[in-house]
Amino acid sequence: MFGLFKKKTLSLSSPMTGEVIDITKVPDAVFSQKMVGDGFAINPTDGQVKAPCAGKIAQIFPTNHAFGIVSEDGIEVLVHIGIDTVELKGEGFTRVAEVGATVEAGDVVVKVDLDVLKSHGKSVITPIVITSPDKVKDIQVNLGDTASSRVKGAAVLSLV
Amino acid sequence: MVEVTIKSKNGLHARPASFIVSAATKYSGEVFLIKEGSKINAKSIMNIMGMGLSEGETISIDATGDNPSSIENELKEIIEGVEA
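Chains as they are written, first to last, in numbering that gives the first Met the number 0: chain A, 0 to 159; chain B, 0 to 83.
These aren't lab readings, by the way, just hints derived from the structure by calculation.
Please read these numbers as outputs of a predicted model, since none were measured by experiment.
C-beta atoms are modelled at their ideal positions from N, C-alpha and C, and glycine is treated no differently.
One or more hints might be untrue.
[Stated by the list, open to error] Partial list, computed: chain B residues near chain A (C-beta under 10 Å): (1) His12; (2) Ser21; (3) Asn46; (4) Ser53.
Work out the full structure: start from the sequences and follow the hints.
Right under this line is the structure:
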């Protein structure tokens, strides 16, 4: 019965090296106004994009610019690499993992050439959003350099 | 059930998918997008984006519940209205 009082949480690691920023600072209203979902964003310095939690790769979008992971608890996490990057039609993105694969947090899913995004005038800021809001009560984000948030996670979700 | 053809040159990516979900979640019944036998929940942004729908493709919108044609037509208008 003590289990009743145990807080259920899910820790998300940063999918990219860089700086964790507030989702409201993302330069695209669809994300900053949380229309896709709540979460956080990364201003990345490196192009390896990793799974933020253990789970199954539910989707990798045809242009490889976004992917979704579903955790064991059924939490859906969408990683959208850069802003308006759907317009690049896959240029600069390389798929590393496959849809349906089971991954651990930190496994590389997609690689992106950040210079290709910048040369097309695209922001590299990468939102990470929870697309199953009914399963999450609260999100605590640890802003700042991802090196310092490695231990505590970039965000901790309190689950319903 | 109504049919709609995607006009957005970038297909149904994050922005249009979020518009579809915000309309669909207001509907009390179930609403699905159907393409070539794959049927997905229109209230799930991840499932919509995962269909990878691109310009020129035709899908069906099917709702079950109260007044299904109202939500079907609303989603058809949203999908047809997305240009980028």
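These are the hints, each one checked on the structure:
This hint holds: His12(B) has a C-beta 4 Å from the nearest C-beta of chain A, less than the 10 Å allowed. Using the Cβ-Cβ criterion of 10 Å, the hint placing Ser21(B) at the interface with chain A is satisfied: the shortest such distance is roughly 7 Å. For Asn46(B), the suggested interface contact is upheld, since its CB lies about 8 Å from the closest CB of chain A, less than 10 Å. Satisfaction of the interface hint for Ser53(B) is found here, the shortest Cβ-Cβ separation to chain A being roughly 8 Å, below the 10 Å cut-off.
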